[in-house]
Amino acid sequence: MGLVVGLVLAAVGGCARDLSRDDVLDALRAQGWPADASVESDDDPGGGRYARPRASARSDSPHEPWRAVGAEVGRAVAAGWVPVYAQCAGRQDSVRVDLVREVHEGVPATATVTGEVVDELGLPARLSDGSTVVSVEVVAAAPQDVSDRALLPAAVRAGVPDEPVDLAGCLTDPPAGGALRWAGTPAALPAVGGPLPR
Amino acid sequence: MTGRTARGALAGVSAVAVAACALAACTPPVPEDQTTRVDVERFQDLAADPWLAATALTVGRYAFGTDRQFEPGAARGTRTATGTVGQVLTAQTSAAAREGWVVAAARCGDGSGTDSGWPVTVELVRVLADGAAAVGEVRVEQDQSGVEDGATRVLPRRVLVAAYAPHHTNRARVEVPDEPVAFDALACLGGAGGASVGPTDLLPTVQGADEAAR
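If you're matching them up, the sequences are chains A and B in order. First residue of the first sequence: 1, per this note's numbering; consecutive thereafter. First residue of the second sequence: 1001, per this note's numbering; consecutive thereafter.
Pulled out of the complex, with its shape left as it was, chain A reads as follows:
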């Protein structure tokens, strides 16, 4: 009897424990994508603002940004991320794709994948004069966001969507000219949140 009561109390206590930032950082470390990511969280800056746990990765590619980003997004989708937004311009111009998923029960995260051709100084360049840098920035909701979801992107405020946005306009057939094109709604959580409304 005593054992049963103890187990029940332990279970209730476990359920009632507040989500911590370390829980979210651990959840980010456990993700299968992005590969070789550095996971970190800054100190809260004060004034009601708070740092969100984040992970980042970066790689170089000899391919055009839309091809390089397409390959990275393919790996993300295979790992369970859902694309919700894409923006692109010309075939050698930068490409951006936002994806979302839950990294811990009730804790959404956003991932922004960008591809940009730069030279050795980091300045925009033609592919013949540089290479494509693919950057992945993952930011997870902080415990404060889970308590009050006001500052989360619309795509994840009521749960992570099941249906991906169609990325073909940017990752299969990007525009030949410089016309800016997009699909879906951006979902990039900034690394610092707050203040939340009172």
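The hints are simulated quantities; they were obtained by calculation from the structure and are not laboratory data. Backbone N, C-alpha and C define an ideal beta-carbon position, used for all residues, glycine too. Worth double-checking, as some hints may not be accurate.
Reference listing, derived: stretches of chain A covered by chain B, where coverage requires no fewer than 3 residues with Cβ under 8 Å from a Cβ of chain B [claimed, not checked]: (1) 50–61; (2) 108–118; (3) 149–160; (4) 189–196.
Sample of chain A residues lacking proximity to chain B, with all beta carbon distances greater than 12 Å (derived) [said to hold, decoys possible]: (5) 37; (6) 70; (7) 71; (8) 79; (9) 129; (10) 130; (11) 137; (12) 184.
Start from chain A and add chain B according to the hints.
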């Protein structure tokens, strides 16, 4: 540790504690209304704007340490696009128009201060869901080649976009033009139209920096 050094250390700690308390007393408290649902809705309008595609976003809030001064909601993003400066600006403002942004002003940079490295800035205005007007800006980075006709060469260029939504305490109104202001005749784009078109106070007004406008 001797008695003298212990007393010295204690005096030092006390002095720091007294100074910290005095500074804390001088720092104004964070106002209860620093961020309201109005600021959140305006923030969400900017966050969801597919043209802006901002990655750096802040909700309207109190400027810490001030006497009830507030900062607007802000959204910023960067991208690269290929073309002359004029072509890139035209492509960006055309895309922005699909989301309700109207070009309201433009100016050539003078090469100093915040204009350094940004030869031209185009300012746009968009009405948010609650009727308030946000101010956006598009800047195209200075060509790094150093050639004289850099603005008219077709190159990959870094583009900065930003937008600001007024804090809920900011009562100043920004007018949305009926027609977009033409900026292609600016001198910095190779035209003969001078160094600026449209009003020059859009950003200060939405940022709450122009107290006289309230």
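Violated constraints from the hint list, given by number and in increasing order: 1, 9, 10, 11 and 12
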